[in-house]
Amino acid sequence: MGNSDLKLFVDAQFTSPYALSAFVALQEKGLPHDLVCIDLATQENRQTPYQQRALTGRVPTLEHGDFALSESSAITEYLEEIFPPPTYATIYPQNPRDRARARQVQAWLRSDLIPIRDERPTTVIFHQPSDLPLSDGARVAVETLFQAAGTLLQDHRLSLFGQWCIADTDLALMLNRLVANGDRVPDPLVEYVQHQWQRSSVQAWLEQSKAV
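In UniProt numbering, the protein residues as written are 1 to 212.
I should point out that these hints are in silico values taken from the structure, not numbers from a laboratory.
Computed from a predicted structure; not experimentally measured.
Treat each hint with caution, since some may be false.
As the list claims (entries may be wrong) - Under the rule of at most 20 Å between Cα atoms (straight-line distance), these lysine to aspartate or glutamate pairs were calculated in the DMTMM-like manner:
#1 Lys7 to Asp66
#2 Lys7 to Asp34
#3 Lys210 to Asp39
#4 Lys7 to Glu71
#5 Lys7 to Glu44
#6 Lys7 to Glu81
#7 Lys7 to Glu77
#8 Lys210 to Asp34
#9 Lys7 to Glu80
#10 Lys7 to Asp39
#11 Lys7 to Glu63
#12 Lys7 to Glu207
Just need the whole structure built from these sequences, with the hints factored in.
This is the structure we're talking about:
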């Protein structure tokens, strides 16, 4: 099975951090694909055509021939296995411990820090900042984020493991919820976000977002 039959289903507003992650993975690997927009506002994701593809009705979903897969971290791991280095660019560290840590970071960002996600949705990055102050619960989550990110990015590192991996994009996006909104963020973490945000694969997503 080749790579010419890849389709990525994303939210029509291009605000899903998980769709961004899957899109970046495809871009980094140089895999041609069709981008299909699903209108979450009209609950298109809950209608039969999409439900038949995506087990959970969520975006993103990757379709590869007759196989469909949802959940962004599952998608990125699948792409790394089916289109492996060195033939294709790597999106995960090659060192087993670093790769495990990258997956840990991805899982953590998807399962924790809920107050940040609630109070600084990705619309503050792609559309308009929020003027609401962070709640006490969100400030606790922010400190947890800063502590973990600061530990992972000691000595002003601009990537988690010496070179870019998909977990860098995921972490930078979480931090950018605060940076883009004008919330207080330590300077080294701001520099990390700015560096990661200039990556061509991320910029390609931003161009899609601007076109909405």
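Now for the hints, and whether the structure bears them out:
1. Note on Lys7 and Asp66: the hinted pairing holds, with a Cα-Cα distance of about 11 Å set against a maximum of 20 Å.
2. For the suggested pair Lys7 and Asp34, the alpha carbons sit about 5 Å apart, so the restraint of at most 20 Å is met.
3. Pair hint Lys210 plus Asp39 holds up; C-alpha atoms about 16 Å apart against a cutoff of 20 Å.
4. Only pairs whose Cα atoms come within 20 Å are accepted, and Lys7 paired with Glu71 is accepted, the gap being roughly 14 Å.
5. Note on Lys7 and Glu44: the hinted pairing holds, with a Cα-Cα distance of about 17 Å set against a maximum of 20 Å.
6. Between Lys7 and Glu81 the CA atoms are separated by roughly 17 Å; this keeps the pair inside 20 Å, and the hint holds.
7. For the proposed pair Lys7 and Glu77, the alpha carbon gap of about 16 Å is at most 20 Å, so the pair holds.
8. Between Lys210 and Asp34 the alpha-carbon distance is near 18 Å, which keeps this suggested pair within the 20 Å criterion.
9. The suggested pairing of Lys7 with Glu80 holds, with an alpha-carbon distance near 16 Å, which does not exceed 20 Å.
10. About 16 Å separates the Cα atoms of Lys7 and Asp39, which keeps this hinted pair within 20 Å; it holds.
11. Restraint check for Lys7 and Glu63: the C-alpha separation of about 5 Å stays at or below 20 Å, so the hint holds.
12. Only pairs whose Cα atoms come within 20 Å are accepted, and Lys7 paired with Glu207 is accepted, the gap being roughly 19 Å.
Comparing the model with each earlier hint shows no violations; every hint is respected.
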